[in-house]
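Protein chains: 2
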Amino acid sequence: MTDTRTNAVVLLSGGMDSAVVLAIAREQGHACHALSVSYGQRHTAELAAAAKLAQAQGAVAHKTVTVDLRSIGGSALTDDIDVPEHGGDGIPVTYVPARNTIMLSVAMGWAEVLGAEAIYCGVNAVDYSGYPDCRPAFIDAFQSLAAVATKAGVEGRAPRIEAPLLHLSKADIAHRGIELGVDFGQTVSCYQADDDGRACGHCDACHLRAEGFRAAGIADPTRYVEAANRP
Amino acid sequence: MTDTRTNAVVLLSGGMDSAVVLAIAREQGHACHALSVSYGQRHTAELAAAAKLAQAQGAVAHKTVTVDLRSIGGSALTDDIDVPEHGGDGIPVTYVPARNTIMLSVAMGWAEVLGAEAIYCGVNAVDYSGYPDCRPAFIDAFQSLAAVATKAGVEGRAPRIEAPLLHLSKADIAHRGIELGVDFGQTVSCYQADDDGRACGHCDACHLRAEGFRAAGIADPTRYVEAANRP
Chain A
0 MTDTRTNAVV LLSGGMDSAV VLAIAREQGH ACHALSVSYG QRHTAELAAA
50 AKLAQAQGAV AHKTVTVDLR SIGGSALTDD IDVPEHGGDG IPVTYVPARN
100 TIMLSVAMGW AEVLGAEAIY CGVNAVDYSG YPDCRPAFID AFQSLAAVAT
150 KAGVEGRAPR IEAPLLHLSK ADIAHRGIEL GVDFGQTVSC YQADDDGRAC
200 GHCDACHLRA EGFRAAGIAD PTRYVEAANR P
Chain S
0 MTDTRTNAVV LLSGGMDSAV VLAIAREQGH ACHALSVSYG QRHTAELAAA
50 AKLAQAQGAV AHKTVTVDLR SIGGSALTDD IDVPEHGGDG IPVTYVPARN
100 TIMLSVAMGW AEVLGAEAIY CGVNAVDYSG YPDCRPAFID AFQSLAAVAT
150 KAGVEGRAPR IEAPLLHLSK ADIAHRGIEL GVDFGQTVSC YQADDDGRAC
200 GHCDACHLRA EGFRAAGIAD PTRYVEAANR P
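Protein chains in written order, with numbering that gives the first Met the number 0: chain A, 0 to 230; chain S, 0 to 230.
Next up, chain A with everything else stripped away, as it sits in the complex:
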């Protein structure tokens, strides 16, 4: 049987948010092409999780594209800067300069090759951790760029940039994922998960995730390096 669904590229980090985004894109009727970007992040367990999630969620393809951001530095996620404990104000040291712009750019390139009509990403403005590239203004600006940056854009077929989690709380995201059958036990959010995907329980990402499950009243399936580390 021919697949009559339209193509979408879905940015899939292996974390909880992008797992839900993939499930949403599939529910919205797309043939999903999952894209992971290996940017030199310390937490490679996320990438392994992404591959499993792509399969579990019925993506028609999954690619991991390497973008070596370690060489430009500037983030605790790619450099030898310690990942901070939860807390602190302003833009955190885990911010990777231009990360979402770079990931959406690569997604736009693949969308062009596929003739995809949409690019889905897990950008979230509520629990956005102070990252500038997680705000609605960023998504709008990237949509405007897509209209002029590619062959598809010039021909009036620029992909829509879909950020379905933009205004959801972590608890909303957890609920949405459960409704759509996402197995959160397969996802890795921790900034410094071990090779087996077990979470540290101390970083911002661990705290946001645990609070999300708690607020949603959903049992947290996260595996921690030590059970006592559960935030």
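Among the clues, some could well be false.
Mimicking SDA-like on lysine to any residue, the simulated pairs with C-alpha atoms at most 25 Å apart in a straight line are [to be verified]:
| no. | chain 1 | residue 1 | chain 2 | residue 2 |
| --- | --- | --- | --- | --- |
| 1 | S | K62 | S | G180 |
| 2 | S | K51 | A | S70 |
| 3 | S | K62 | S | T1 |
| 4 | S | K150 | A | D139 |
| 5 | A | K62 | A | Q185 |
| 6 | A | K62 | S | G72 |
| 7 | S | K62 | S | R4 |
| 8 | S | K62 | A | S70 |
Partner residues aside, some chain A positions facing chain S, computed with beta carbon under 10 Å [claimed, not checked]:
| no. | residue |
| --- | --- |
| 9 | A55 |
| 10 | G57 |
| 11 | S70 |
| 12 | I101 |
| 13 | L103 |
| 14 | A106 |
| 15 | G108 |
| 16 | W109 |
| 17 | V112 |
| 18 | Y130 |
| 19 | D132 |
| 20 | R134 |
| 21 | A136 |
| 22 | I217 |
| 23 | A218 |
No wet-lab data here; the hints were simulated from the structure.
All residues carry an ideal CB built from backbone N, CA and C; glycine is no exception.
We have chain A already, so just place chain S on it with the hints.
Same frame as chain A, but now just chain S:
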């Protein structure tokens, strides 16, 4: 002596245009951080040329960041599609989807780390070969994105996107380079140069370059695979 110049990131492919851009950025008083992006292009001779040019033009640093675009495909420059002979209409098969967006995104990331006040690129709308991401509308849209995409942007210090060749003909670019002391013999423009940087003489890039030198009345220092191939 302390370097009191402001930082700029300069996209440097190793071709003729970006060599002139680097010379312009230096003339405009910047400490230039040259950035080459290895995106799986066949013509790796360009990257070797970039390293030499960065040194010859007094860049304070040169980095090559790998972005593996071969895995998303869609271009004669990264795939097993033949590079066409000169000629033909419309957007050519040498177009690499989202290439300039990706390269500017990586430059924006490095600019953020450096606190650079400008990003220089060799985008050119005159001899633009039909690439959508070589037009003024593209540069404007990327500038708008830079204002919201990064920490620097949010703080009102987004880097200026400088495209000093935007409205210059290839002959103008050749003249400007000669004025600024660029050794064009070090540059490689050919889409399928050999490992030694010698040009094929047949592709669009070779033709544009040769026509530029001819129109400028400047001796063409290009080395060809065979002397008879000179366009």
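- Pairwise hint evaluation, T1(S) against K62(S), where the allowed Cα distance is 25 Å at most: holds, 22 Å
- Restraint check for K62(A) with Q185(A), where alpha carbons must lie at most 25 Å apart: holds, 18 Å
- Message: Next item in the hint list is I101(A). Is there a CB on chain S closer than 10 Å to its CB?
- Response: Check passed: Cβ of I101(A) comes within 4 Å of chain S, closer than 10 Å.
- Per-residue hint verdict: A106(A), partner chain S, C-beta under 10 Å: Nearest chain S Cβ about 8 Å off; hint holds.
- Under the criterion that the straight-line Cα-Cα distance not exceed 25 Å, is the pair K62(S), S70(A) satisfied? holds, 8 Å
- Can we keep the I217(A) interface hint, with Cβ of chain S closer than 10 Å? violated, 33 Å
- Double-check W109(A) for me: the hint is only fine if its C-beta lies closer than 10 Å to a C-beta in chain S. Hint on W109(A): holds, closest Cβ of chain S at ~4 Å, below 10 Å.
- Query: Holds or violated: is the Cβ of L103(A) closer than 10 Å to a Cβ in chain S?
  - Reply: Nearest chain S Cβ about 8 Å off; hint holds.
- Does the interface hint hold: is G57(A) within less than 10 Å of chain S, judged Cβ to Cβ? violated, 21 Å
- Message: For a C-alpha distance cap of 25 Å, please report whether K150(S) and D139(A) respect it.
- Response: Distance of about 17 Å is within 25 Å: holds.
- Query: Taking the least C-beta to C-beta distance, is A55(A) closer than 10 Å to chain S?
  - Reply: Hint violated; A55(A) Cβ to chain S Cβ min 22 Å, cut 10 Å.
- Query: Under the criterion of a CB-CB separation shorter than 10 Å, is S70(A) in contact with chain S as hinted?
  - Reply: This interface hint holds because 5 Å falls under the 10 Å limit.
Of the numbered hints given earlier, the model fails hints 9, 10, 22 and 23; all others are met.
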